[in-house]
Amino acid sequence: MNKISNIIYDLLRKPYIGLPLLGIFLITLPVTITVIPMFQGNNYTYSLLSQWVILSVIAIGLNLLVGLTGMISLGHSAIFAFGGYAAAYLVVKVSLPYPIAIVFAAIVGGLIGLLLGLPALKLSGSYLAVATFGFAVAVPEFLSLNEQFNDIFNDPNDLATKLGVVKVEKQYLPIFEFTKRDDLSRYYLFLIIAAVMVFLAIGLWRSRTGRAFRAIRDSETAAQAMGVHIGRYKVLAFSLSGVFAGVAGSMYMAQIGQLDAKDLQFGAAESILFLTAIILGGLGSIPGAVIGSGLLVILPELTKSLKTQLRDITGTSIENFESLFYGLIIILCVFYMPNGIVGAFKKLSDWMRGSGQEPMNDPSKENNLPTSEEVISEARKGV
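Using the UniProt record's numbering, you'd call the opening residue of the sequence shown number 1 and step up by one each time.
By construction, these hints were calculated from the structure, which means they are not laboratory data.
Some clues are possibly wrong.
[Said to hold, decoys possible] Ranges of calculated distance between the beta carbons of each label pair, as one might list FRET restraints: (1) L306 <-> Y127: 37 to 45 Å; (2) E220 <-> K93: 41 to 49 Å; (3) L324 <-> L348: 50 to 58 Å; (4) E220 <-> I298: 19 to 27 Å; (5) I331 <-> I230: 17 to 25 Å.
No residue lacks a Cβ here, since even glycine has one placed at the ideal position from N, Cα and C.
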């Protein structure tokens, strides 16, 4: 096995092999997610791609909090829920166009994030994780028991019609008149929304605020000595992260086309799923959030296919095979790539540019990023 690995590494280190492969990947990825779906695929494929985009948006926002600022939140599913409800209410009851409802969902997400971030003024680490986790547990129960939320719609299909994305209506989405495939149009709409959010995230990463966040992550004492208002920036980080969660919630409502708090995936388990996405992809990395989200969407589908093939070969069906295989892959990724997939690629890239020796620096230590083990340890204490 080591010999095979060495052969692969030797091949990848050669510029005329490694660089073309990297170039092909970088060129084909945007083509795969934008052009190919127009010519092939079905509604289920478009739905999976939309799920990937939605999860990527909320993962980028959560990575802003965990990877950039060093604080752990297990309550983002609650912000996700409130953002979705806000968008749905404005579209159905107030008859606002869906794009405007997205803006209001972002505002609601930011406000809920601000409230969720208030405990960060006094708490940190596992204590903060406990506080945010309690919020994630309480909100779904509140939404399912509160009649004002359950009675927003007389007809569950009313949301799907008025959002204008399940059945595309020109007054909402004039840019998509070229296609009649509604699921495909919705997917492209989500891509546009995600592109805007990525642009905002990059600007924030490079801004003075982003530098203040990193200073707090590295050392609160040093940051305070440099004039950074610790409490203000901590709450701001939660609020900005909540904006992304609110937008993702509005996209999710458009994706499912109905509203029922008892059936929606707004529980604490989803908060852990969001955290898993950024751990797998790489903390403090926007591409890592996207890659980790894609892995969480694709893996369950691959396990379903593998389970079917094993059943055809053996004649028996393994109960809960999807969960077992899915969990095993995640454990292996965390164990062998503690800095995420992006960190592993960076490590390999450094090795390829060097003399064939192992890279001297650990990306997580070089940038003072928490490793996946540290984040999981704090999250486990919160649960």
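Each hint, compared with the structure:
1. L306 <-> Y127: 37 to 45 Å: With Cβ atoms ~41 Å apart, the hint holds.
2. E220 <-> K93: 41 to 49 Å: Distance hint for E220, K93 holds at roughly 44 Å.
3. L324 <-> L348: 50 to 58 Å: Once the Cβ atoms are compared, 29 Å apart, the range 50 to 58 Å for L348 and L324 is violated.
4. E220 <-> I298: 19 to 27 Å: violated, 38 Å
5. I331 <-> I230: 17 to 25 Å: violated, 35 Å
Figure legend: structure checked against the earlier numbered hints; hints not met, in rising order: 3, 4, 5.
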